[in-house]
Amino acid sequence: MSAPTLEGGVWSEQGTTPTDVEEALRDLLRERHCHSDAFVPARVLNLVVVADREWRGEIQNRLDNVGRYHASRTILCAVEPGRTAIDAWAAVGAHPGDGAGMIEVGQEEVVLDIGPHHLEHLDSIVDPLVVTDLATLVWSPHGHPEAVDALLDLAQVVLVDSVNEPDPAEAVRRSSELAERAYVVDLAWLRSTPWRERVAATFDPPAWRGDLHKISAVTVRHSPDSVIAGLLFLGWMATRLGWRPGAMVSHGSGLQGTAHGHRQDVRMRLQPQEAMSTPGFAGLTVQTASGLSVSLDRGPGGLSACRTDRRGREWRWTAMGASRGEAGILGEGIRQALLRDKSYGPALAAVGSMVAG
Amino acid sequence: MATAPTKVEEPEQENPLTSGLERQPIPPTTLTIFGATGDLSKRKLLPALYNLAHEGALPERFNLIGASRSDMSDDDYRKLAKGSIQEFSRRETDEKVLDALLDGVRYVSGNFDDPGLYERLDTALGESDERAGIEFNRVFYLSTSPSFFAEIVKQLGDHGLDRRESSDVRVVIEKPIGTNLREARELNAAVLDVLDEEQVYRIDHYLGKETVQNVLAFRFANGLFEPIWNRNYIDYVQITAAEDMGIGSRAGYYDTSGALRDLVQNHMLQLLTLLCMEPPVSFSADEVRDEKVKVLHSIHPPGPEEVSEMAVRAQYAAGVVAGEAAKGYLEEEDVPPDSTTESYTALRLEVDNWRWAGVPIYLRTGKRMVRKVTEIAIALKPVPHLAFREEGAVGVQPNRIVLTVQPNEGASISLGAKIPGTRMRIRPVNMEFLYGTAFMSQSPEAYERLITDAMRGDATLFTRDDEVEAQWRIIDPILAAWGAESGPIPQYEAGSQGPAEAERLLQPGHTWRAI
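Chains as they are written, first to last, in this note's numbering: chain A, 1 to 357; chain B, 1 to 515.
None of these hints come from the bench; they were simulated from the model.
Since the structure is predicted, the reported quantities are computational estimates derived from the model, not experimental observations.
Even glycine gets a Cβ: it sits at the ideal position worked out from N, Cα and C.
Take these hints with a grain of salt, some might be off.
What the hints assert, rightly or not - Straight line, CA to CA, 20 Å or less: simulated EDC-like cross-link-like pairs of lysine to aspartate or glutamate:
#1 A:Lys342 - B:Glu183
#2 B:Lys294 - B:Glu87
#3 B:Lys175 - B:Asp158
#4 B:Lys175 - B:Asp255
#5 B:Lys154 - B:Glu183
#6 B:Lys82 - B:Asp39
#7 B:Lys294 - B:Asp352
#8 B:Lys96 - A:Asp64
#9 B:Lys44 - B:Glu14
#10 A:Lys342 - B:Glu22
#11 B:Lys175 - B:Glu445
#12 B:Lys79 - B:Asp114
#13 B:Lys42 - B:Glu95
#14 A:Lys214 - B:Asp103
#15 B:Lys96 - A:Glu326
What the hints assert, rightly or not - Here are a few chain B residues that sit away from chain A, every Cβ distance over 10 Å (derived from the structure):
#16 Glu14
#17 Arg43
#18 Val370
#19 Arg423
To be verified - With the Cβ distance kept under 7 Å, some of the chain B side facing chain A (calculated, not the full set):
#20 Pro16
#21 Leu17
#22 Asn222
#23 Leu224
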């Protein structure tokens, strides 16, 4: 979302007001339309980002890298200690299409430099700048919960990354609190999507579905910072399969606990992988009381899968897929603002009981 | 028409893990491409499979087998496939994913009427199952010359490859399904002699395009349009599929086909059915296709004496396209000098039902026209009374709704608006929605969508036997009438809007929309 990649007009002003910024956006749109009367914005989503001023560039880079998954209008509020006035920069333009004949993707961007005292009533600054009637997504990667709270009346969706909260119980508490007032998209949850899809697919052939009710152990191997992602995965399995999960307790460097299933108890284990530097999972293993074991691990070209039956026979294959990378995860998070995932809420509630006390 | 399945299905236990997943699992599948070294396979099918693999959208367990006449080893075929994917994929390839996709690819060679090919294929399929310890579903993709379709299906039946006890077998058939109604019926009969209709997936790749599917969303997800979607408000409809390119090196195929068979019989009639169909009870395959077939049955096939009033054909003559001199159709390489194959067709059809009676639906398609565009233009009736003085202004024009399929996918609506000033002067303005600017993702290629649908067993975007035959029932009399004519056919200048003769199809007050 930085200026050099955007073709179109730019406006900036120091000591400005939301009214002036909104007027500037209208002028920029007219200007862009005069430049090319084929430029007609079709919008679907507002994105409001609240970030620390010193990390503004990094956030802009992350948003740049989501490519076509960007929001139609992005309002980045950069919080600078000691600042009292609002400085603003706005641009309306288009990212050139991917090739000849491709449609240029319209984008409207606003960067507001604001002070900490603006956060409590940030809605009064942002409200005039969002496109009315569109869904509005709020993302506050550097904390600032008071800003998010202030925006909840105008936003329908909140983007969080629970791995940023070191205490899983606090992460669950905050996401649950937000979920009472908005739809929550959690990047920690989205990082587990391919794993959830693959586990679901592994047990999907009708002959193997019966094994789902014989599951006796689930182990998730995860990045040290992704405990909450592992918990959400276990919470998802518990809610989908009707287990009653108990508390997870420390076990070595990880956590373990038991869920009560219909037929047998299920041992749940989280094993941090110290060597893993990116958030997410390294692998997982599902075992059944009948002696079946299915493992999925990161591998070349996708997830390396291994199925072992009770007689010790092994089948290996690759569940293909390219890594989405952190930019892909963020892009997916923005896209998810337009969708509704019914399984996250119950999984989050299940995690609540796993980390309680 | 669809027949009842013969296999007795036991109720399946549900998989609770799939609930809430955006991408539902696809059963383990072995895909066999017949014609695996051909152009379609190299340019479309293999790249589509790679893109699905890249996105993690292939089945959890997936095998690919190439079958073709060329003699080559598994390794040679893997190299060919890799090169094709690297050249034609819509995204840069990830070598690790590409290697994972191609790792277990098998290749079997032989003539399509050679029983040995099917024996080798049977062995390869069996080995895939054995290695995995499961019975894969099998999808056979017929990407060969149409003349082999019936033979391949017969051989599949002869070798017991047409159905299995505990997994599904499906056959995907590329267009064209025959070159006339008789051939279409013969091919359908030959195919259904071996397979059940539920096993047959006839591809019209237009239906895999996001913007074609968007016609249904546009109509049935917006309360704004459906109330006016009828003869009371719509004056006429024009469906255009224009290309600026000539036939290139495809004379061998094109001169035996022509515009009517190549585009109208399939793609354009499909667009017409989506535009005119009644809302289906649900978006299940047969509910949607039932409604489409009703539209086709509502179109009166012309009698011999009616063809000249409702159909025009022409060939492009030499002209200028994009500033460059362009040859005429008869001067193209390998086109016979006395060819009467049409490179342009325009039709006026009517859908004789309660909703559409009396509304002309104009179709036109041509090569070497002024530009490339595929669109559906809906012209609304004029307002009943004009209270505005029109002096000094274009005035109030009937509204138009234009659904553009390609290249700038989207929709536009023309509205009358006041010209700023002290007087009430009106001019039309366009309100546009460009699909690609609004949505935050790349559209998948049509073949990606259709291949996954076939593996999933969702036939909604495939044409049913009765649908194909209903399309031919409309087109056949026109072909017959044209076949009985002798002498040269009308011409239009390359790079133009088409032949002047097309004007005679228009009813008073109607005009062809500028391409």
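Index of numbered hints that the structure contradicts, given in increasing order: 1, 2, 3, 8, 9, 12, 14, 16, 22 and 23
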